[in-house]
Amino acid sequence: MSILVIAEHDNSSLKAETLKTVNAAQKIGGDITLLVAGYNCQNAVDAASKVNGVSKVLACDNAAYEHQLAENVSLLVTELAADYEHILATALTTGKNFMPRVAALLDVSQISDIIDVESSDTFVRPIYAGNAIATVQSLDSKKVITVRTTGFDAVATDGNAEVVTLDTVTDAGTSSHVSDELTVSERPDLGAASVVISGGRGMQNGDNFKLLDGIADKLGAAIGASRAAVDAGFVPNDMQVGQTGKIVAPDLYIAVGISGAIQHLAGMKDSKVIVAINKDPEAPIFQVADYGIVTDLFDALPELESKL
Amino acid sequence: MKVLVPIKRVIDYNVKVRVKPDQSNVDLANTKMAINPFCEIAVEEAVRLKEAGTATEVIAISIGDKSCQEQLRTALALGADRAIQIETDENLDALNIAKLLKKVVEEEQPQLVILGKQSIDSDNNQTGQMLAALTGMPQGTFASVVKVEGEKVNVTREIDGGLQTVALNLPAIVTTDLRLNEPRYASLPNIMKAKRKPLAVKSAADFGIDLTARTKLLKVTPPAQRQAGIVVESVDELVEKLKNEAKVIS
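Heads up: the sequence lines are chains Z and U, in that order.
Under my numbering, residues 1 to 308 are what the first sequence spells out, in order.
Under my numbering, residues 1 to 250 are what the second sequence spells out, in order.
These are computed hints drawn from the structure, not numbers from a lab.
Think of the CB as a built atom: it goes at the ideal place given N, C-alpha and C, for glycine as much as any other residue.
Keep in mind that a hint or two might mislead.
In silico lysine-lysine, PhoX-like type, Cα no more than 20 angstroms apart, as pairs [as the list claims (entries may be wrong)]:
id	chain 1	residue 1	chain 2	residue 2
1	U	Lys99	Z	Lys142
2	U	Lys216	Z	Lys142
3	Z	Lys27	Z	Lys56
4	U	Lys241	U	Lys20
5	U	Lys247	Z	Lys272
6	Z	Lys218	U	Lys241
7	Z	Lys307	U	Lys241
8	U	Lys147	U	Lys50
9	Z	Lys272	U	Lys243
10	U	Lys50	U	Lys216
11	U	Lys241	Z	Lys272
12	Z	Lys279	Z	Lys218
13	U	Lys20	U	Lys32
Using C-beta positions, here's what the derived DEER-type ranges look like [said to hold, decoys possible]:
id	chain 1	residue 1	chain 2	residue 2	range
14	U	Glu70	Z	Glu186	16 to 26 angstroms
15	U	Leu218	Z	Ala82	47 to 57 angstroms
16	Z	Asp231	U	Glu108	48 to 58 angstroms
17	U	Ala200	Z	Ala156	51 to 61 angstroms
18	Z	Glu186	U	Asp65	52 to 62 angstroms
Isolated chain U, as found in the complex (with noise of 0.2 angstroms):
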């Protein structure tokens, strides 16, 4: 079975964001770039997945001008057999985002989804759950376990108060969660390696969707700033200060 894994280019998660000047945006230029981590986990999994015997081939996609590429590659040096550019220098929308991958769902005929669950920029946590709704395939959010038996697949996910199990019948959308493993590192002849393993580039302009922007960016704006409190002495101290100061004890 295929697995077509969707990947983002993004900050890399070490590096703190600043804002930029006149609030437009947040300042990328010069900054380090890195794959989602989320994604790195959905890499992960498909590639065990295939080394399991359960996949027979993985591709590793995403969407973005040609810098994605360097993630892309790190994606086929950690083992994904091929991989996918679509060429845009738009910041789509995560529906716009989904509307290409269902065109590419469509090509290629994944038995398996397998994407992060959010990306640490946008924070949006849509697209996984945008593209099952479209392609009318069951999804297996925030995922901690996924276990491939027959034509389904079972998913364990992390919900608030502790975990929910779903069988979905294949072909299915998972979406990564912290917890489903930890990636490995890519080895140097795995690196180079990934050198030679196909990319194909296409240009979002030749998938005939509308790919106008849904949403505005209006400004964006450090977050306000807590200011340090007092460091106290004693634990007698602290709890006379929570009774009487700031009263959030009795």
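If we strip away everything but chain Z, and leave its shape as in the complex, we get (with noise of 0.2 angstroms):
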């Protein structure tokens, strides 16, 4: 069997959710390629081909996918679908915006957000916000996927794929690409970050935030939030964890603030080790962390801090 995995990227690096996605495809099983269609993306490229058990990296450099514009992006994939059984993307903005044109354009379903691989056509995937988990068979003969990297660890990244150009242009015409404003940060990405920790409504306005700073240098990590800290106005929504914000799913995952709606939970409950802070003692959150501490965050985070 043949699969097409679609690299998730910035035309400057290879974003790291793509390594897991390719675990998801060798889960799969068979001979994976892997597509980079960028603008200037050499760099990517060249991340591509070393990502361990793929075989060939495909490299589509134009203009035209500069943005990852779905509406070009998706025919340049349907395009090149009639060699694979498989087609895989990353179940992240930019996938879950180019995929269902795909799987349209295909006339095949969609399999969304698999978290595991049962066989070459059953997968399964969490359904109402992870509240219930579906194991889902394809009977299409080519599978469109896309996958929540949560479910799968990272392949290794000293392998030698061979790269092929392509010269495909597939410019629909219809959109263009406008602006965009992305978060400055030196942080790590939530969605990569080995260490999480989020502040919720009980960090009582955005200023606390800075309370998480100090913390999240000294353990490298990712700054998130609740929903209810969005819908605040606290911090804003590319910070949310949650169904409705980032799946994440860390090596250590400190919630401050934070109840444990079931929708928070959804984003974060797969992280291997959960830390609460939070001054309610009846809160959810401490029936899913491994450890909790029942204290006011405003003493908790300047002492943690200076202890880390």
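Starting from the two chains in their separate frames, assemble the complex, guided by the hints.
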């Protein structure tokens, strides 16, 4: 069998989640090709060629793919699809955007957000915000799949795949990129960090999120937030961890002033170790936490920072 | 310009789902149902476009059995002008939903179709993008700002790491994210008025589309439960446990 994996990248580097999507492809089993479609994306192509388990990298470098516009990328993937039984993308905002277009153009269903592979046509995925787990069989001859990376480990990057340059240009001409407003941060990505510290409504305001900075610096952690904190306007939405935000599964997750609503738990309950800091001993977060401490976060945070 | 808003009837987001003992699916018997929250945001956005004078007519559509008329009446009470129900007893895949919607798009010729980015039951996040592909329209998914400007619509999208704004030729597809707007509550007079607004019923079978399911649900199980851990007494104890027991910090 042949599998096409579409790489997540920002033209200059390959996103760590792609390594996990390749792992999902290995579990399906078959010859794995990694597609890097972008613009001035040689660095991402170089990184892709080192991903273990990949036999071939398709490099498609054209302005039409610079911003991963779904209209253009989906046409490219559809053109390449004939050679593959499985087409995989990472279930991040880019893959979620273009992949259903690919499925519809190929006239097949998509299996979204898989967290496990049972066989080459049967996959496991969360439904109802992770409150139920479905096992789904695809009846289509071609499988179009997005992969939730928290379910898979990253593959190593000491491989040496052949790079094939494509000059296919698929520009639908119906959409154009206007601007990006990206959060600039020295910290690791929420999705890739091995430690995440998140604040909730208990933080009381946006300024108090600074209390998390020192701890995040010491632990090399990403900073997240609950939906309550986002809705209250404390922090921007791209920090949101939960059903409607980012799904994370770091080695260590520290929930500060977060009560633990179902919608938040859906985004972090697969973390290896969960720590909860909350002054309400009845908060549901304590039911999933490995270590809980019932105390005022405004006392605990400075002390924790000084003792790390 | 006409705006089409496809909506879905789903379990109320406050209700905790239960898995059936035979693992065939979740148990929705006697469960409170509601309009999918993202679809409600889509209705609100369409109604605001009409109030701003940009849209001339807002049409709500839902695909399902007769019970989804309840959610269509909600959309009418929120300000949609008329509604269409495509009747089917089947639980259709997103691709088949998109194929039916494509037929309606061809008939109604909307300039904008606004959908929720995903439904909170199947969590697929597919229908809008699939409809865009089938109709050849551009798409602005996970929208937090929608601005119609002449022959284009500018959509600001919630992406990993921040926001992205794209310009789409009309007609176009938009899918909503949470922060696009805060839906209004339907007033009692508007609920009464909604009962008299037109609601057309069509049969899915009449569209001449092969609606065979492409996926098979083999089983549904409850998620693995996490065991509650221990409560520590001090920050010192916490740091000690993380270092020596969990070994996640050094």
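Could you tell me which of the numbered hints above are not met by this structure, giving the numbers in increasing order? Going through the list in order, the structure violates hints 4, 10, 12, 14, 15 and 16 and respects the others.
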